[in-house]
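A.B. asks: With the hints as extra help, turn the sequences into a complete structure.
Residue numbers (this note's numbering), protein chains in the order written: chain A, 1 to 329; chain B, 1 to 326; chain C, 1 to 351.
No lab work stands behind these hints: they were computed from the structure.
In this text, all values refer to a predicted model and were calculated from it rather than measured experimentally.
Just so it is clear, CB atoms sit at the ideal spot from N, CA and C, and this is done for glycine as well.
Listing some non-contacts, in silico: residues in chain A with all C-beta distances to chain B over 10 angstroms:
1) His30
2) Leu55
3) Pro59
4) Pro61
5) Leu71
6) Gln92
7) Asp99
8) Asp125
9) Leu205
10) Gln294
11) Thr315
Derived Cβ-Cβ restraints for the label pairs, each shown as a range:
12) C:Met1 / B:Thr279: 27 to 37 angstroms
13) B:Arg271 / A:Glu264: 11 to 21 angstroms
14) A:Thr127 / B:Val326: 46 to 56 angstroms
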Amino acid sequence: MPELLQVKDLETNFRTNEGIIHAVNGVSFHLKEGETLGIVGESGCGKSVTVMSMLHLIPSPPGKVVAGQALYAGQDLITMKDQEIRHILGAQISIIFQDPMTSFNPVLTIGKQLMEPLEIHQNIDKTSSKERAIRMLEMVGIPNAGERMGDYPHQFSGGMRQRVMIAMALICNPQLLIADEPTTALDVTIQAQIIELVKRLRDELGMSIIWITHDLGIIAGLADRVMVMYGGLVVEEVPVVELYVNPQHPYTIALLSSLPRVDELGHRRLASIDGLPPVLLEKPSSCPFAPRCQFVIERCWSELPPLLPVGVDHTAACWVDPGTGKERS
Amino acid sequence: MTTNGDLLVIQNLVKHFPIMRGVIFQKQIGAVHAVDDVSFSIKKGETLGLVGESGCGKSTTGRAILQLYRPTSGHVYFQGVDLVQLKGKELRKVRRSMQMIFQDPYASLNPRMTVGEIVGEGLYVHQLNQGKEIQDKVDALLEKVGLDPAYANRYPHEFSGGQRQRIGVARALAVNPLLVVCDEPISALDVSIQAQVINLLEDLQGEFGLTYLFIAHDLSMVRHISQRVAVMYLGIIVELTSRNEMYLNPLHPYTQALLSAVPVPDARIERKRQRIILTGEVPSPVKPPSGCRFRTRCPLAKQICTDQKPEFREVAPDHFAACHLV
Amino acid sequence: MGHYIVRRLIYLAAVLLVVSAITFILMHAVPGGPFDQEKRVPPEILANLNRRYHLNEPLPVQYSRYLYDVMLPHFTTNPPKNTVDNDFLINFRISKLWVQWMNFGPTYSSRSRTVNDIFRQQLPVSMQLGILALFLAIATGIPLGIMAALKQNTIFDYLGMSLAIFGVCVPVIVLGPLLVWIFAVEMKVLPASGWGSTPPFLFGVFPQTLGWDYFKFAILPVVALGLGSSAIIARLTRATLLQVVREDYIRTARAKGLLERLVITRHALKNSLIPVITILGPLFAALVTGTFVTELIFGIPGMGRYFVTSITNRDYPVIMGTILLYSVFLVIANLVVDILYAYLDPRIRYD
Chain A
1 MPELLQVKDL
11 ETNFRTNEGI
21 IHAVNGVSFH
31 LKEGETLGIV
41 GESGCGKSVT
51 VMSMLHLIPS
61 PPGKVVAGQA
71 LYAGQDLITM
81 KDQEIRHILG
91 AQISIIFQDP
101 MTSFNPVLTI
111 GKQLMEPLEI
121 HQNIDKTSSK
131 ERAIRMLEMV
141 GIPNAGERMG
151 DYPHQFSGGM
161 RQRVMIAMAL
171 ICNPQLLIAD
181 EPTTALDVTI
191 QAQIIELVKR
201 LRDELGMSII
211 WITHDLGIIA
221 GLADRVMVMY
231 GGLVVEEVPV
241 VELYVNPQHP
251 YTIALLSSLP
261 RVDELGHRRL
271 ASIDGLPPVL
281 LEKPSSCPFA
291 PRCQFVIERC
301 WSELPPLLPV
311 GVDHTAACWV
321 DPGTGKERS
Chain B
1 MTTNGDLLVI
11 QNLVKHFPIM
21 RGVIFQKQIG
31 AVHAVDDVSF
41 SIKKGETLGL
51 VGESGCGKST
61 TGRAILQLYR
71 PTSGHVYFQG
81 VDLVQLKGKE
91 LRKVRRSMQM
101 IFQDPYASLN
111 PRMTVGEIVG
121 EGLYVHQLNQ
131 GKEIQDKVDA
141 LLEKVGLDPA
151 YANRYPHEFS
161 GGQRQRIGVA
171 RALAVNPLLV
181 VCDEPISALD
191 VSIQAQVINL
201 LEDLQGEFGL
211 TYLFIAHDLS
221 MVRHISQRVA
231 VMYLGIIVEL
241 TSRNEMYLNP
251 LHPYTQALLS
261 AVPVPDARIE
271 RKRQRIILTG
281 EVPSPVKPPS
291 GCRFRTRCPL
301 AKQICTDQKP
311 EFREVAPDHF
321 AACHLV
Chain C
1 MGHYIVRRLI
11 YLAAVLLVVS
21 AITFILMHAV
31 PGGPFDQEKR
41 VPPEILANLN
51 RRYHLNEPLP
61 VQYSRYLYDV
71 MLPHFTTNPP
81 KNTVDNDFLI
91 NFRISKLWVQ
101 WMNFGPTYSS
111 RSRTVNDIFR
121 QQLPVSMQLG
131 ILALFLAIAT
141 GIPLGIMAAL
151 KQNTIFDYLG
161 MSLAIFGVCV
171 PVIVLGPLLV
181 WIFAVEMKVL
191 PASGWGSTPP
201 FLFGVFPQTL
211 GWDYFKFAIL
221 PVVALGLGSS
231 AIIARLTRAT
241 LLQVVREDYI
251 RTARAKGLLE
261 RLVITRHALK
271 NSLIPVITIL
281 GPLFAALVTG
291 TFVTELIFGI
301 PGMGRYFVTS
311 ITNRDYPVIM
321 GTILLYSVFL
331 VIANLVVDIL
341 YAYLDPRIRY
351 D
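C.D. replies: Pasting the structure below:
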């Protein structure tokens, strides 16, 4: 299958009062057509910034992409001008965001906001536009879709708003859907509804998905491949089943052991990771996880490990083999 | 009343918030039925998990127990004494023995007080210690929760979310409470920090013999830390049983749906799972559905569910559920 | 919403009652009467004057008389006489019955003028000045604020905000004469004082004609008066727009590929106008009821000076009249602002 998106050595910085925060420090990944890639990490690891910065969606006075390229359909999204990328956003690449409460304009109706991508990208008349919008609302499971078009965002519940957000993202039939933690703010049963909805739409419409989350549970059922991030770097890239069966990066391993599982019968003390995530005022020249790592060796403190092959389609940025505790050859 | 070894016995607890309307004179036209007849008990040293989604009333229950909201009706027997009947000075005295840890580590600490002042305030208010003694006790507490006592002079904004939550724990423990109500204490924290705080809570429970009411929406974490779990929906408890029984043999359809919805960090399991997807939205707590409240979303609902409110009863040893169909 | 408006109007009546009572008490609590100041008046004449204006009656009686004249409509079968005692603001006829309402009384400073005359002849001038100044303030303040916010921390921002600070800091009493000196004395392109329209007014408020002859008198005072308000509006617009532009829904709009220009006009502006509208209410009331200094500097025959001079002159009817007028404007302006909120922000609903 052809490559839809190829990102190479992406680096993004933020200028702040305390100094320059190196949020993304050389991230590379690729996405095939029809594939679902999960990007997993905790807050501050750079997962959202990676994707948002390549789409020109980070606030540009403090934030800036300082290196790298992101090839989409042959064009580099990063060097594109703002005017050019606007043709792609909402039409070929759509995004659904985390907080359905604040992601809608409170003073405009849902209908107006939903039809906006059609107005921007497709030249169809108002009536057809409205019809298509109503159909999308029905597709995402909003009852009384026709009447609801004139309602305002605050008249919808969180789960409903997220469905409308999905409808809005898919209304122009994009090739790539980016989901930035869209279910974090939702209840678990609503989260299940939304995920089932996205999976169904994915099968029907055949889009590729990048799903950004901190939840290692959701990603297990959604993604084909997973990318784990820490300190602005990719620390492990692996097909999804392998991630849980044979994690190779100490951070991934520690993260998995710190999670309680609902299907566990006995009581296992959670393995906590001491310390705090790094602040990234300097670009990491050695492994950012070293201070918290249980497998750390000399080399980790002086050299930044690249992504090394550790299995089939499986890479990890670590000098140590966690199975043996010794350095990889 | 005899409570046979139970530290806390909740009987028919009700908390309604009135809705007022009116042009000049306001009158009550309805109420939000936040907590609508809830009963359970907790033994000394035990952790009871109270789990449910947003709007189910679990936080309100926690606060009504601590009398932070005065219950509309019902009884809260703490060490045999009904807290609902207590007022003023008597109630203040009892507050020493029951404390709360709050959800938002950023909002629940006064930004204008130093950490030392925050942790020591309870000691000062209840006149448990004076002067230097307070400082010693504060230092000891900070160490116990894993913070450097030298930080006692700093302000909350200088700490991370996880550290702030530890400060909250230290504050709650300062007055040697018997019962600690943890109201979503880790929801706002990163995953790797959540484990740190949970382990801390468990260690402290072992050391001081604390009793916890652990309120959260994360069923995985609730099952991990609790011995028994109660599931709430729209103001009532729908199921209450031990943590293993809840997973192995969930009886109430809502519990089943909830368990089905919780993702498991294991791709082989997740990819094969058939989920029970609930339809519709949670009804409004202003006008809860007649009969069984869950019937509007229940895949198994029958006519009796509309007509009759199901009784919360023991359907198996130490296994309570409110459903006509079990 | 209807309920809400009715409730607010009832509150308006209550506010006016309370304001009139407090003002009345304070007025009479200050020592001295309206006729003591001038040349020594023989005691018989003083007594006559006091009797004529009912100032010898006990205070509660005077107050009740005032309320009767102002707040209650009068019904009479006699056709209205146009005397100083009988000048009502509203007169109409229902077959044989005459209905009259709102007699604010005579002014003590003249034998033939009433407060209603002042309202009819000088209030419109102040209103015209005020409305023009408000218009200028909005038309310059909002765009300036928007530009400063969109080009934050650039030369446009710094220049714009410096201008705003200048407008806020330099008072009319300095700016006014400065403008007069530059444009009227040195360059001689604009008149130094006066106003371009006289009674009668269109619909009781507006000038009859709107040519250069009108505007040449208006330009300098409107700029002098409007600049300060413009500055306040610019700073507020900038602050709220800066905040709104960082909201999540703006990011959503950009993520849909919307042109930046439309992101601002369609999504950001409506949300950022709400705080600006808040201050427009009181600002409108203040500007429209007359500004003493501006009118003095530019020799404009407006109402402003009555607010100040009536107190020193102990001109009781004028004091009461001007204060009640200001209260009415203020309360109604705030009510309009609140209704505008509900129109702008669908989350706000009044019951």
